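Enquirer: Listed below, chain by chain, are the residues.
Number of protein chains: 2
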Amino acid sequence: MDSQKLAAEEPARRELGEPGAKTRRRGDSLETDILQAAWDELMVVGYSHLTMEGVAERAKTSKAVVYRRWHSRAELVIAAMIHHQPLMGGDVPDTGSLRGDILILLRRMSLRLEEVGAESIHGLMGEYFNEVPLVLYLRGRQPGAESMSVILRRAAERGEIDSAKVTPRIASLPADLVRHEILLTHAPISDATIVEIVDDIFLPLLRP
Amino acid sequence: MDSQKLAAEEPARRELGEPGAKTRRRGDSLETDILQAAWDELMVVGYSHLTMEGVAERAKTSKAVVYRRWHSRAELVIAAMIHHQPLMGGDVPDTGSLRGDILILLRRMSLRLEEVGAESIHGLMGEYFNEVPLVLYLRGRQPGAESMSVILRRAAERGEIDSAKVTPRIASLPADLVRHEILLTHAPISDATIVEIVDDIFLPLLRP
DNA sequence: CCAATTAAGATACGCATAGTATCTTATAAA
DNA sequence: TTTATAAGATACTATGCGTATCTTAATTGG
Numbered sequence: 001m002d003s004q005k006l007a008a009e010e011p012a013r014r015e016l017g018e019p020g021a022k023t024r025r026r027g028d029s030l031e032t033d034i035l036q037a038a039w040d041e042l043m044v045v046g047y048s049h050l051t052m053e054g055v056a057e058r059a060k061t062s063k064a065v066v067y068r069r070w071h072s073r074a075e076l077v078i079a080a081m082i083h084h085q086p087l088m089g090g091d092v093p094d095t096g097s098l099r100g101d102i103l104i105l106l107r108r109m110s111l112r113l114e115e116v117g118a119e120s121i122h123g124l125m126g127e128y129f130n131e132v133p134l135v136l137y138l139r140g141r142q143p144g145a146e147s148m149s150v151i152l153r154r155a156a157e158r159g160e161i162d163s164a165k166v167t168p169r170i171a172s173l174p175a176d177l178v179r180h181e182i183l184l185t186h187a188p189i190s191d192a193t194i195v196e197i198v199d200d201i202f203l204p205l206l207r208p
Numbered sequence: 001m002d003s004q005k006l007a008a009e010e011p012a013r014r015e016l017g018e019p020g021a022k023t024r025r026r027g028d029s030l031e032t033d034i035l036q037a038a039w040d041e042l043m044v045v046g047y048s049h050l051t052m053e054g055v056a057e058r059a060k061t062s063k064a065v066v067y068r069r070w071h072s073r074a075e076l077v078i079a080a081m082i083h084h085q086p087l088m089g090g091d092v093p094d095t096g097s098l099r100g101d102i103l104i105l106l107r108r109m110s111l112r113l114e115e116v117g118a119e120s121i122h123g124l125m126g127e128y129f130n131e132v133p134l135v136l137y138l139r140g141r142q143p144g145a146e147s148m149s150v151i152l153r154r155a156a157e158r159g160e161i162d163s164a165k166v167t168p169r170i171a172s173l174p175a176d177l178v179r180h181e182i183l184l185t186h187a188p189i190s191d192a193t194i195v196e197i198v199d200d201i202f203l204p205l206l207r208p
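Top to bottom, those sequences are chains A and B. The numbering of the first sequence is my numbering, which starts it at 1 and goes up by one. The numbering of the second sequence is my numbering, which starts it at 1 and goes up by one.
Just so you know, the hints here were simulated from the structure itself, not pulled from any lab data. None of the values given here were measured: they were computed from a predicted structure. Just to be clear, a hint being listed does not mean it is correct.
[As the list claims (entries may be wrong)] Some but not every residue of chain A turned toward chain B, in silico, with C-beta under 10 angstroms: (1) 70; (2) 89; (3) 183.
[As the list claims (entries may be wrong)] Derived list of chain B stretches under chain A, where covered just means 3 residues or more per stretch with a C-beta under 8 angstroms from a C-beta of chain A: (4) 23 to 33; (5) 158 to 172; (6) 200 to 208.
No residue lacks a Cβ here, since even glycine has one placed at the ideal position from N, Cα and C.
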């Protein structure tokens, strides 16, 4: 039809042990590699400078392959974030006191959020606002992330708190405040801030 | 030097009463018009679809004129937001009770934030993260926006609250929670949510 | 009141990136 | 071994950013 230059002269040998090796990943293996590449690219250049081209290049594949699986930059990055590490996942802390448990939970959450970076989260929310998975991710509503309710139940059983005072809003309050702090400030949240949230706000609201 | 087509044949008559009228705005008048155009454009197309070209066109001027004053899209939009309406500004409510005052303050703030739109705020934060004015705007730290401390001082004088309990974090808590809610959810914040924040969280923390 | 200066407004351009389409060929399935 | 699928390379369109250049209206100041 038109003067399209056909194919490549060099048959695209990817860096393996032997040069000239021809191999093509497919399916899950390829998908995992792309998600990893997207995460790496996010860490290196940040969300605002992340391009589909860049991710494809890093994954040693091409844009078309990436677009075949994710329809936009935001979708890809959200998938990469979840693939890398859910925000709230992990074992439920059990130190024997509510204060100890929740400090562990909040520190873990803030480390993971800072790893992703507030900039990325804002970027995603800005161009992908009506999508659900991102908010689920942020709020830690992934399946298997019910740490907070487990901790609160145990604390109530120990008699540390008045379980009648535990509304959903209060249960999510500490995480909300940490999230808010990270989203609005550039510097990482200090441990003193986390302790303040727990000791001056959260615990006083729940004590019998 | 090169084959540049020179000038316009048509001398750019802007819509005034008489066609053919030649007039050029300058200085503050022009600046105000551009800020207004930027705000209008923000309302119509949203931040993610707002372009410098679009703003210039709406203001009936050209991109170059806009760039002469603001170095980026984000800078322009922040200026437009502040020009349109500071988040926390306005008279300090004085209903005679802390609860009444703070409800007014929070409702006002949430209306204004929703007018700007969470999407815009995320977009701005995403591409302009290290800039100070936006966070000042969001946190209501503009000069003349000390409503909250005035309200709290009056409440303390009336003996409604224990002023020893008022830490900076607790003082900003209600606004932080409203802001957080708006930034994370699509729908406008309900009045019940505002009341809940005040009655279940804020007031219990300050009562003697 | 006229000449010199400033900046508005029009336009073009280079560049980056999004997203799509097309083609060859390695890999998997039958 | 043949056939179907999709990986990977490449080209292409469209958009928008940010800059530069040029003309001319408006302002300033002697």
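Enquirer: Decide, hint by hint, whether the structure agrees.
Expert: Hints, verified against the model:
{"no.": "1", "hint": "70", "verdict": "violated, 18 angstroms"}
{"no.": "2", "hint": "89", "verdict": "violated, 19 angstroms"}
{"no.": "3", "hint": "183", "verdict": "holds, 7 angstroms"}
{"no.": "4", "hint": "23 to 33", "verdict": "violated (count 0)"}
{"no.": "5", "hint": "158 to 172", "verdict": "holds (count 3)"}
{"no.": "6", "hint": "200 to 208", "verdict": "holds (count 4)"}
In terms of the numbered hints stated before, the structure departs from hints 1, 2 and 4, listed from lowest to highest.
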